[in-house]
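Let the hints inform the model, and build the full structure from the sequences given.
In the working numbering, each number is its position in the sequence shown, counted from 1, plus 7.
Just so you know, these hints were derived from the structure itself, not from any lab. By construction, the Cβ of each residue, glycine as well, lies at the ideal position given by its N, Cα and C atoms. Certain hints may be false.
[Stated by the list, open to error] Label-pair distances were calculated between CB atoms; the ranges are:
1. G51 / F172: 17 to 23 Å
2. D138 / F85: 17 to 23 Å
3. G156 / G129: 29 to 35 Å
4. S171 / E128: 30 to 36 Å
5. L186 / D138: 20 to 26 Å
6. S126 / A105: 23 to 29 Å
7. G156 / R41: 45 to 51 Å
8. P83 / G151: 32 to 38 Å
9. L175 / L72: 34 to 40 Å
10. P182 / R86: 24 to 30 Å
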Amino acid sequence: MRLLTEKPPHAVSVYTTEQSAMTSCAVRAVPLPRESELAGLFNGAHLADAFAITLSAGAPLDIDLLARAFLGDPSPWFRALLACRDALVTPFGVKTSARLRSELRARSAPHIDFFPIISREGHELVIGEDDRHLDFRTSVLLRGAAVDGKHEVVATTVVRCHNSFGHLYLFLIAPFHRLVVRSNLARAAAKGWRHT
Numbered sequence: 008m009r010l011l012t013e014k015p016p017h018a019v020s021v022y023t024t025e026q027s028a029m030t031s032c033a034v035r036a037v038p039l040p041r042e043s044e045l046a047g048l049f050n051g052a053h054l055a056d057a058f059a060i061t062l063s064a065g066a067p068l069d070i071d072l073l074a075r076a077f078l079g080d081p082s083p084w085f086r087a088l089l090a091c092r093d094a095l096v097t098p099f100g101v102k103t104s105a106r107l108r109s110e111l112r113a114r115s116a117p118h119i120d121f122f123p124i125i126s127r128e129g130h131e132l133v134i135g136e137d138d139r140h141l142d143f144r145t146s147v148l149l150r151g152a153a154v155d156g157k158h159e160v161v162a163t164t165v166v167r168c169h170n171s172f173g174h175l176y177l178f179l180i181a182p183f184h185r186l187v188v189r190s191n192l193a194r195a196a197a198k199g200w201r202h203t
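Here is the structure:
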């Protein structure tokens, strides 16, 4: 996520062992998509960002498959980072990922990993959570790209803070958020958008 006063991050190319050395997945910062269900939340947001990646030929065009590949199959380093985050926030009453997962399963609520699915409309799936410190939404949007008529996946995140702790938390995680979103998009593309 970026502060609304920051400049958007530059595009990043990520090479993986699952790709040939001649192929890259270019994840790039893009303007906040006005066609997103989240557009009404952009004004007044404390943080908002959007990153996109163009789908290769043969990639699925099913929003559920794309969202699960992006959100449901994190890299091992992200899992380690999440474990650190959970340990740090527990004393402050912030829900851990394990607690969120458990609550979602107990309610049989639709979710991807520990993220509750808020809505699914056409080519967009939105996850999010509200708590006393902040509210966040992340949209996974499939749209036709202007370049070569190919489709792209756009991951948009919007956050609104309610108090000082929410602002502090957001300040601390924002750099990691950008890294995670870019990495997850590139990882999902490199795996052909298959959720394992």
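Here's how the hints hold up against the structure:
no.: 1; hint: G51 / F172: 17 to 23 Å; in the structure: 19 Å, holds
no.: 2; hint: D138 / F85: 17 to 23 Å; in the structure: 21 Å, holds
no.: 3; hint: G156 / G129: 29 to 35 Å; in the structure: 19 Å, violated
no.: 4; hint: S171 / E128: 30 to 36 Å; in the structure: 34 Å, holds
no.: 5; hint: L186 / D138: 20 to 26 Å; in the structure: 23 Å, holds
no.: 6; hint: S126 / A105: 23 to 29 Å; in the structure: 25 Å, holds
no.: 7; hint: G156 / R41: 45 to 51 Å; in the structure: 20 Å, violated
no.: 8; hint: P83 / G151: 32 to 38 Å; in the structure: 34 Å, holds
no.: 9; hint: L175 / L72: 34 to 40 Å; in the structure: 36 Å, holds
no.: 10; hint: P182 / R86: 24 to 30 Å; in the structure: 18 Å, violated
The earlier numbered hints that this structure contradicts are 3, 7, 10.
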